[in-house]
Amino acid sequence: MADPQRQILLDERRVKRILARMAREIVEQVGSVENLALIGIHRRGVDLANWLAQQIERDEREPVPTGSLDITLYRDDLMAIGPRPIVGETRLPKEGIESRVVVIVDDVLFTGRTVRAALDELTDFGRPRRILLSVLVDRGGRELPIHADIVGKRYTVEDGDRIEVMVPEVDGELSVSLLKGALG
Amino acid sequence: MTTTFAPYLGKDLLGLEELSREQIVGILDTSEPFKEISERAIKKVPVLRGKTIVNAFFEDSTRTRISFEFAEKRLSADTVSFSAGGSSVSKGETLVDTARNLEAMRIDMVVIRHGSSGAAQFLGERIASNVINAGDGKHEHPTQALLDMLTIRDQLGRLEGVKVCIVGDVLHSRVARSNIWGLRKLGAEVAVCGPMTLLPPEVGEMGVTVFRRIEEAIEWSDVLNILRLQLERMKSGFVPSLREYNRVFGVSIERLERAPRDILILHPGPMNRGVEIDSAVADGPHSVILQQVTNGVAVRMAVLYLLAGGEPDTAEAAKTGVGL
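Going down the list, the protein sequences come from chains D and V. In terms of the numbering used here, the first sequence opens at residue 1 and continues consecutively. In terms of the numbering used here, the second sequence opens at residue 1 and continues consecutively.
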């Protein structure tokens, strides 16, 4: 595969500004942070969820429980006999998710299949009062009837291109890039 | 989203002798996230939904069979278990027939325990389904060794350089053989200790230290993996008496207290308390025997999950990865 062409769309300063707005929007939408829990989807959603939770805690002076969710075992493409993906850590808040308002946090929303899997997996842990979806980037291209409630930035991306989000915990930096011709 | 893949194990899991270091580490690493599933209120994930697994136990086993059944059910597979006692038909014929019958019922995987060394491989060569060796004669018991290694790694944080001594009837033990292969590949130092009648003559060639006295083994070890003394060995004259065995090779608190460091105590079960291990040791602060049992389910879930996959195809893999 040819080396894809990378174009930085958002640098650290701009991503932080967007995340700060997303944190405020989450609070606005849920009303009270008392029963809130932020669940990041493994791997990059986890770092973003932690970042958003800290921001909300600073603004609202209330603790916000966080967790991580690895959706590998709920993927809809595992019936195909292909190699097995590495399974990451699932760690829900110790308070549980029963009757709480849960915000699922991911880096990029594309086909919606990850979110479908996340909804199924969360259901196996309990019955939240409400589930919202928060993504840093919505790139369009949905294959399922799923939408995000809180969106950092929307881009219209061509089929063969990829949005790459980097987060400090995994990549050592915070940025959003477009990779031309990274798919297919 | 890009997806990283675990190493491919091949169609069957027959033993640790033929696995690479990377494959073994891949199984241990994959076991980690599976531990959490058994702690959930709903202990079930849908990853093996629609798969049919047969647990074919031609030899008695309680712990291993139940552990495999839990692992299969927690991954949402449909399972059938059967135990077959001694058969008048020669074992080879029975197995061929079994293989053909199983195939005719459209199953996906077979977990087999059999008294003959090589039975799992024999079956694997004759059916298209995945075959997992749950113990074959004196050959191997790979999932037991994997759960032993996972437990040691949990407790000590590593396997590299760890000194593990396997105590007891190494000669007849598939657990010992699998442990020796696996531990050596992961950089652990391995020793054996037991009566000379119960140590295989070729043990020196496996890169293993031999201790004739349990005191020397305790002096050297970070970990003791104490094997069950099969009581029928006595009848065959390998050991003069249980009391004599306990006096010479039994692991007691008094002996452990003289050790220069705390020693982790493993036992694959079922234990003969007061023979190879004293109760005070089995129930003591350094015993991880019950953690072995807990880890056994996670390791078997990992093996089932990995074997249900296929050969890596990088082009296809890249597509799957971004489909999400």
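By construction, these hints were calculated from the structure, which means they are not laboratory data. The reader is advised that the hints may include incorrect statements.
Stated by the list, open to error - As a list, the in silico DSBU-like pairs of lysine-lysine whose alpha-carbon atoms are at most 30 Å apart:
1) V:K185 with V:K235
2) V:K138 with D:K94
3) V:K35 with D:K94
4) V:K185 with V:K11
5) V:K163 with V:K138
6) D:K180 with D:K153
7) D:K94 with V:K43
8) V:K51 with V:K11
9) D:K94 with V:K73
What the hints assert, rightly or not - Which chain D residues face chain V? A few, computed with CB under 10 Å, are given here:
10) E25
11) R75
12) I86
13) E95
14) G96
15) S99
16) L119
17) Y155
Treat the numbers as computed from the prediction; the structure is a model and nothing was measured. Ideal placement from N, C-alpha and C gives every residue a C-beta, glycine not left out.
So, going through the hints one by one against the coordinates:
1. V:K185 with V:K235: Answer violated: V:K185 to V:K235 is near 36 Å, above 30 Å.
2. V:K138 with D:K94: violated (45 Å)
3. V:K35 with D:K94: holds (16 Å)
4. V:K185 with V:K11: Cα-Cα ~21 Å, so holds.
5. V:K163 with V:K138: holds (24 Å)
6. D:K180 with D:K153: Answer holds: D:K180 to D:K153 is near 18 Å, not above 30 Å.
7. D:K94 with V:K43: holds (17 Å)
8. V:K51 with V:K11: Given that 30 Å is the threshold and the Cα spacing comes to 15 Å, the pair holds.
9. D:K94 with V:K73: This hinted pair holds, its Cα atoms lying about 25 Å apart.
10. E25: violated (23 Å)
11. R75: holds (7 Å)
12. I86: At about 5 Å, which falls below the 10 Å cut-off, the nearest Cβ of chain V leaves the hint on D:I86 intact, so it holds.
13. E95: At 14 Å from the nearest chain V Cβ, D:E95 fails the 10 Å test, so the hint is violated.
14. G96: The hint holds - D:G96 has a Cβ within 10 Å of chain V, the shortest such distance being about 9 Å.
15. S99: Violated, about 14 Å.
16. L119: This hint is violated: D:L119 lies away from chain V, its Cβ roughly 13 Å from the closest one there, beyond 10 Å.
17. Y155: violated (16 Å)
The structure fails to meet hints 1, 2, 10, 13, 15, 16, 17 from the earlier list, while all remaining hints are met.
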